Every structure is written in C-alpha cells, then in structure tokens.
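As they're listed, the protein sequences go chains A and B. For the first sequence, position 282 matches number 282 in my numbering, and the numbering has no gaps at all. For the second sequence, position 194 matches number 194 in my numbering, and the numbering has no gaps at all.
Source of the hints: derived by calculation from the structure; they are not laboratory data. It should be emphasised that the depicted structure is a prediction, and the values quoted were computed from it without experimental measurement. The beta carbon of each residue, even a glycine, is placed where N, CA and C say it ideally should be. It is possible that part of the hints are untrue.
[What the hints assert, rightly or not] Derived, one-sided and incomplete: chain B residues facing chain A with beta-carbon distance under 8 Å:
| hint | residue |
| --- | --- |
| 1 | Asp32 |
| 2 | Ala36 |
| 3 | Phe69 |
| 4 | Leu217 |
Each chain, letter by letter, is given below.
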Amino acid sequence: MAGPRSVLLGIETSCDETAAAVVARDADGNFEVLSSAVASQIELHARFGGVVPEVASRAHIESLNPVVAEALVEAGIGGDQLDGVAATAGPGLVGSLLVGVSAAKALAMVWGVPYVGVNHLEGHLFAPLLEEAEVRFPLLVLLVSGGHTMLIGMEGPGRCRLLGRTLDDAAGEAFDKVARYLGLGYPGGPVIDRLATQGDPAAIAFPRSMLHDGLDFSFSGLKTSVVNHVRRNPDVDAVDVAASFQEAVVDVLIAKARRAADGIGALGMTLAGGVAANSRLRERWLDAAMADDRRAMLPSLAYCTDNAAMIAAAGLWRLGAIGPTSLDSGVDPNWALSDTTS
Amino acid sequence: MLILGVETSSTQVSCALGGHEGVRSAAQVNRDQRHAELLAPMIEQVCRAAEVQYRELGAIAVGVGPGLFTGLRVGIATAKAMAFALRIPMIGVSSLDLLAFPLRFSPKTIVAVMDARRGEVFSATYRATPGGLQRLVEPQVGAPAELAEELRSHSGDHLLVGDGAVRYAEHFAPGKGIEHADRALAHPSAWALVQLAHAQAVREEFVAPEEIHPTYLRKPDAEANWVQRPGLLPPTAAGGRP
Ligand SMILES: [Zn+2]
Numbered sequence: 001m002a003g004p005r006s007v008l009l010g011i012e013t014s015c016d017e018t019a020a021a022v023v024a025r026d027a028d029g030n031f032e033v034l035s036s037a038v039a040s041q042i043e044l045h046a047r048f049g050g051v052v053p054e055v056a057s058r059a060h061i062e063s064l065n066p067v068v069a070e071a072l073v074e075a076g077i078g079g080d081q082l083d084g085v086a087a088t089a090g091p092g093l094v095g096s097l098l099v100g101v102s103a104a105k106a107l108a109m110v111w112g113v114p115y116v117g118v119n120h121l122e123g124h125l126f127a128p129l130l131e132e133a134e135v136r137f138p139l140l141v142l143l144v145s146g147g148h149t150m151l152i153g154m155e156g157p158g159r160c161r162l163l164g165r166t167l168d169d170a171a172g173e174a175f176d177k178v179a180r181y182l183g184l185g186y187p188g189g190p191v192i193d194r195l196a197t198q199g200d201p202a203a204i205a206f207p208r209s210m211l212h213d214g215l216d217f218s219f220s221g222l223k224t225s226v227v228n229h230v231r232r233n234p235d236v237d238a239v240d241v242a243a244s245f246q247e248a249v250v251d252v253l254i255a256k257a258r259r260a261a262d263g264i265g266a267l268g269m270t271l272a273g274g275v276a277a278n279s280r281l282r283e284r285w286l287d288a289a290m291a292d293d294r295r296a297m298l299p300s301l302a303y304c305t306d307n308a309a310m311i312a313a314a315g316l317w318r319l320g321a322i323g324p325t326s327l328d329s330g331v332d333p334n335w336a337l338s339d340t341t342s
Numbered sequence: 001m002l003i004l005g006v007e008t009s010s011t012q013v014s015c016a017l018g019g020h021e022g023v024r025s026a027a028q029v030n031r032d033q034r035h036a037e038l039l040a041p042m043i044e045q046v047c048r049a050a051e052v053q054y055r056e057l058g059a060i061a062v063g064v065g066p067g068l069f070t071g072l073r074v075g076i077a078t079a080k081a082m083a084f085a086l087r088i089p090m091i092g093v094s095s096l097d098l099l100a101f102p103l104r105f106s107p108k109t110i111v112a113v114m115d116a117r118r119g120e121v122f123s124a125t126y127r128a129t130p131g132g133l134q135r136l137v138e139p140q141v142g143a144p145a146e147l148a149e150e151l152r153s154h155s156g157d158h159l160l161v162g163d164g165a166v167r168y169a170e171h172f173a174p175g176k177g178i179e180h181a182d183r184a185l186a187h188p189s190a191w192a193l194v195q196l197a198h199a200q201a202v203r204e205e206f207v208a209p210e211e212i213h214p215t216y217l218r219k220p221d222a223e224a225n226w227v228q229r230p231g232l233l234p235p236t237a238a239g240g241r242p
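Could you put together the complete structure from these sequences and hints?
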C-alpha cells in the first residue's frame, strides 16, 4: 500500500440499526474495512410489525457509545489517529439521524478532525467497493431495501445517476407487507426467502407490473394480488404464495436491471440494500450477469444491509472530493441521491 | 474542575462552561427545531471564549429532560459522545430542576412548568431549603388545567416558571396564590446547569456516560397503543430473523 492513507470512523443511525465502523483508504482509492460493528434493534420492533421511529431513536441513544467503542477497539485505533468522523445525515428517520449526527460532530470536535455528513443512499453505493479492488465503471447498481428500490448508473465513486425507481412501495416493503398479511411476522424478507425454498415459484401467476415499461417499478399492485389470491383461495399453501410472490418481484428487478445495464453500457452490475440478501435475487443476479457477459458483484450480506462501513467509505470519498461538512449543518430526512453529486 | 454544560430540552439551546469560580462563559439561542445545527458551533464558541481546550474539561453536564424529544436527543447524544471521547464522567440534571434553580431564594412554592406539546405540560414542585431546592412533587406530565386545579387546592403561594406556564397562562391566572416568574427565566439554562453540576461534582456525584438516560415521561406512541389494544396487531409468533 503506497501513499497517504486516510482512516475514518463512520456512524449509521438512519433507521433501526446502530452501527459504527472504521475504514481506511489508500492512495489508490482502495478501501480496507478495519472494523464494522452493528447493534440491531430488530427485536425491539418485531412486535410492532415494523420500525417505530420513537422506539428507534431511544435505542440509538443507548447503543451509540458502546457501538463506537466496539468499532474503535476492534480496529485497534484511538480517536486521535482518525482523519475524520462521518455520519449518515439523511435520508432516514429524523430522530434517529439526529443521534448519529450529533454524536459524530461531538467526536470530531473533541478529536480535532473534520466531520463529514453522508447521504445514506450514496453510502449503499460504496458497499460494493469495500470488497473489490479493481472495479471497472460504468457500474449498474440495483439498490433494494425496505425503503428504496432504485436503479443507479455509476460512472465512478460518487458519480452516479438515478435511472429508475419505485413509484409506490419499495421492494422490501412489499416483502414486509405480504409477510405481515400471511401472519409470518417481521421482517418479511428473511421469512419469505426461507419459505420460498420449499414452494413452487410457478404455482401462482402473480402480475409483473410494468415489466416492459421503462425503468421504474411498482409493487403495490402485486401486494394487492397476493392478498386477493389468498382471500379467494384460503387453503393455498403459504410456501407456494411465498415462492410465487418472490419470483414476481425478482423477475421485474432482474429484467429492469438488465435493461438499465444495457442502456449505460455497464461493465459490471452490483446489488445493494437489505433485499440484496435475498437468496433468489442473488442467484438470478449471477445468472443474468453471466448471460450478458458482465461482471457480477455481490457484496457480503453484512454490507448489503445498513452498516457503517459503507458510510465511512462514502465519507472518505466525500472528504477528499468535496471536503468537510460544516458543524452548523443539520440532518435532512428527505435528502435525495440526486442532490449529492453535481 | 471545569465543567461543560449542555441544555437542549426546550426550544432553547444553551451551553455554559465553568468551575468553582462560577460560570466562565455561556451562550444561548432560542430557535425551535434547530438544536442540531446550533449546538456544536455553540460548544466550540463557549470553549473558545473561555480559552479552554476540550482536554482540560473534567466533566460534561447535561440536562436530561423532561422536555422536547428532538432537543433531548441532540443534547444528550452530543454530551455522551464528548464524555466518551474525553474519557471523563458526566452529571445529569433534571431540566425542571434547572428551571427552578434561579428561584432558589424564594419563600414561595416553586412550580416548574415546561411545555410538553400535545396540550400537556411537564411539571415539578420545589421549596427552598438552606442547601438549595427540595423537590416536593416529582416530575410528571399532564394537562395544564389539572395542574392548575392541583395548585389551587393547596394553600400557600406558588411561583410558576417555565414556557409551559407562559403558553398556558389562561389556566394559571395570577392572584389567589399564583404568581409568575420573569419570562427571561422561562427556559432551563446551561448557566444553571453548570452551577448545579458543580455542587454535585464537589460531592463527587458523577456517573458514566452509559448511565445517562433521557427522562421521557411518555411512552413511544406505538408502545402506548400496544398496551391498550394488543389484539389488533398482526401475529408475530412466526416472526423474527432466522
Ligand atoms: Zn439502507
């Protein structure tokens, strides 16, 4: 590793995970994750069937210091050896964002280093770069989570263009709602993924909304179809519903991702966001990339879901390309990805 | 020992620095919902004005509420992170105690009343003692009309302080044993916090950052609903992550 190396502490509290990580970047722009700690609140929210913002904010207040301590200890680094502290400043739940941003600014002040406010979505786009050294651009990124479904063209780190997005529910939201309707609990993604392995994906022909229609998505009709089908066929096997529903979602995601990748002449295609943990999506992603002769990148599950390593990486890039964020900046719960780049 | 105090439980953001010789520097701004933008630069400014480096601080004091949740999150997250990074202890003080503090020489019963939004107030009652203030009624949340009725049922003179008393002035009409403090004292201040915290520091009443918890006095909405009607929520027995 040559040249100056920068090391950042990243903090992520935009939703229901309290996370901190230490990431280094060498002169060639390659990232090295020195530590990545996450305190999940899933248990706290499970009984409500979804994330409760006030519950999330309160949990972040309690977990943040211990998670930061864990990240620093694991990285074997003291606060005074850092080159900055980054935190997610949006989009996300305002009360949750405030905890991470306030703590990050406080740490940066005390350690006498810059603070960097990072866009959470931009963070997700850095996740694939954490593990792969020689990424060739342009890269097509499918960002799928409980809050987002987006197709993004990346011409380089931090240089991205939104190509398509969901017009209603996010893909992960559809998983949660269907799971909730079927009485499977929360979060819906992992449960449906598990059930689907025992079901027939062709058992029920659920609609593929807007399949041949541009690069935007719509999942609310699919959710309604599932509800109607189960209502009309109360004896249907839940594993077939899960498998058929999942297949309908994955079909649309894959078809649009391939079309978007063609459109920008992508050399590679990568997944990001919590739904990127879905085993069927990962399998079909690899097949699609191979069929189209593109390099497929599948980040580790730990970097697909919300984590702070991706925030630290985005912070390192932002610090170098744009500079520190002023201490009098706040949070932006609706910070759009398009506002992060010029 | 030098103590940095941070108080953000109302619409006011305030910060002060002091020690045995009293408050050395302080700042405050009242601009609703701007806690996150205002606090960090204010801390820098207050320390610079006192010519104090962060590493010279001996403790971080923070107003722990009750108060506006947004403000509390900013103040407490900031204070806890500073104490963590500096490896110094903390002192948490009730924001209602801070409201009452400037009136500690009054012979009347002091009633600290903060606006809790949603038509309610946070309140606590105090009386002056030689050592400072003694709480007569612990912090609580409720309708201003109920508090007013409660006060009127007691004989004796009450001195009300806080933005809750100002906002719901119609319930707390002066006369008949009710009097209002100067409006300049309507928000808990870091100036009072540093003085109260110093008294605690002398007695070595410190806590670790992980022992600082906000005083909410209200459950999260979803939790309150859960307690009221669990039958309406979807089954989660099969839920959870594999
Ligand atoms: Zn995310």
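request  = Just pull the numbers of the violated hints for me, sorted ascending.
outcome  = 1 and 4
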